[in-house]
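Keeping their order, the protein sequence lines are chains A and B. Counting with numbering that gives the first Met the number 0, you get residues 0 to 229 for the letters of the first sequence. Counting with numbering that gives the first Met the number 0, you get residues 0 to 135 for the letters of the second sequence.
Because the hints were derived from the structure by calculation, they are not lab data. Ideal Cβ placement from N, Cα and C applies to all residues, glycine included. Among these hints, one or two may not hold up.
[What the hints assert, rightly or not] Listing some non-contacts, in silico: residues in chain A with all C-beta distances to chain B over 12 Å:
{"id": "1", "residue": "T43"}
{"id": "2", "residue": "L202"}
{"id": "3", "residue": "G217"}
[Said to hold, decoys possible] Derived Cβ-Cβ restraints for the label pairs, each shown as a range:
{"id": "4", "chain 1": "A", "residue 1": "T47", "chain 2": "B", "residue 2": "K78", "range": "15 to 25 Å"}
{"id": "5", "chain 1": "B", "residue 1": "V92", "chain 2": "A", "residue 2": "T47", "range": "55 to 65 Å"}
{"id": "6", "chain 1": "B", "residue 1": "V107", "chain 2": "A", "residue 2": "A50", "range": "24 to 34 Å"}
{"id": "7", "chain 1": "A", "residue 1": "K1", "chain 2": "B", "residue 2": "Y106", "range": "16 to 26 Å"}
{"id": "8", "chain 1": "B", "residue 1": "K78", "chain 2": "A", "residue 2": "E58", "range": "25 to 35 Å"}
{"id": "9", "chain 1": "A", "residue 1": "R55", "chain 2": "B", "residue 2": "D54", "range": "51 to 61 Å"}
{"id": "10", "chain 1": "B", "residue 1": "I114", "chain 2": "A", "residue 2": "K46", "range": "51 to 61 Å"}
[Said to hold, decoys possible] To spell it out: a stretch of chain A is covered by chain B in this simulated footprint if at least three of its residues, at any positions, have a beta carbon under 8 Å from a beta carbon of chain B; those stretches are:
{"id": "11", "region": "3–13"}
{"id": "12", "region": "22–28"}
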Amino acid sequence: MKKGKIAMTITIGIACFALVTVMMMQFKVVNETDITAIEEMQETELKTELASWKTRYEEIDEQYQEVTQRIEEYKNDEVSNNEASQLVQEELEQTNTLLGLTDVYGEGIIITLKSGKDITPITADDLLIMVNALKFAGAEAISINDERIVNTTDIVYITSGSFIKVNGQRILEPYVIKVIGNQSHMESAVTGTGGKVDELLTLGHVATIEKDNDITIGKYNGEIETKYIQ
Amino acid sequence: MIFIAILIGCILGAILGLNAPMISYTYSSYLAIAIIAALDSVFGGIASVVKKNFDLKIFISGFFGNAILAILLTILGQKLNVDIYLAAIVVFVWRMFMNLGTIRRYYVEKWSDIIKEKTAKQEKKKNNENDEKNIG
């Protein structure tokens with residue numbers, strides 16, 4: 000065999016050796032990186048992918064921020080709504096109390112009146128004057144025989160049946176007037192010179208004043224209707 | 000003879016390559032193009048052996064030169080953001096097919112010659128036998 004041919008053979012053998020070595024290394028790398036699709040991609044592809052993900056992330060982040068802001072606004076609204084409704088509620092309760100639409104409790108006095116025998120019985124005017132005096136003294140809630148005195152309350156004497164109507168309801172003796180307010184003020188409003196209770200007593204009626212620290216006055220049972228108020 | 004050399008080279012290369020350390024994935028694209036270039040060179044070498052105009056210097060310089068040039072072109076392509084390696088692959092693969100064609104043609108001609116010779120011999124033999132019979 001010629002010398003040249005041997006050299007040629009060896010050279011090609013070495014070339015094949017080098018080639019296959021590098022090929023195997025490459026196969027290994029490709030195999031190794033073939034596990035996930037991401038690693039298979041070219042660098043440029045990855046870059047574009049990354050960029051698109053970034054933009055998407057930014058978009059979603061923006062949306063998230065927006066939504067968070069909106070939630071914050073709603074929360075604020077809710078708080079203010081709550082406050083408003085609470086205020087309204089309080090106002091309503093206060094109004095109801097003032098109007099006599101709720102049961103109320105508190106310290107006060109209980110006045111019991113009974114007409115004396117063989118004299119003119121206690122009139123509606125007596126009751127009216129007494130209620131007026133009590134109001135003047137700062138009474139916060141008054142009831143006569145559990146009829147709450149409210150804005151629209153009428154205290155009238157029905158001549159035909161000779162009885163008194165309060166809130167349109169017939170009331171009978173003894174008249175029990177419950178008042179919530181400062182006890183001494185209430186008492187002094189109806190006693191002493193010009194006091195209705197003392198006056199009635201001198202006329203021969205029976206009247207007692209009782210102090211009570213826990214008086215319950217029921218709410219007004221009727222309905223307050225308005226037809227002409229606009 | 001040359002095929003034995005190729006076979007031994009391949010086996011040894013496979014053994015070494017499988018035991019070689021991993022290379023970074025970043026360089027694998029360069030390596031891939033170098034492999035294509037080297038493959039082309041090897042086929043070219045075999046083709047030249049077949050054509051009986053093999054030159055050691057040309058083979059070696061082609062083997063390394065093509066690989067290095069291909070790698071450099073790939074790097075340049077990445078720097079320019081143009082996929083130059085595609086062009087290199089096209090050229091190398093085209094040349095590979097050309098060389099393979101040369102090799103194939105050579106062996107096909109060789110084997111067909113051998114078969115022709117064999118059949119000619121057999122015919123000669125038959126003719127001779129016939130002649131003998133005729134004579135007989």
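For each hint given before, does the structure comply? Return the numbers of the non-compliant ones in rising order. 1, 5 and 6
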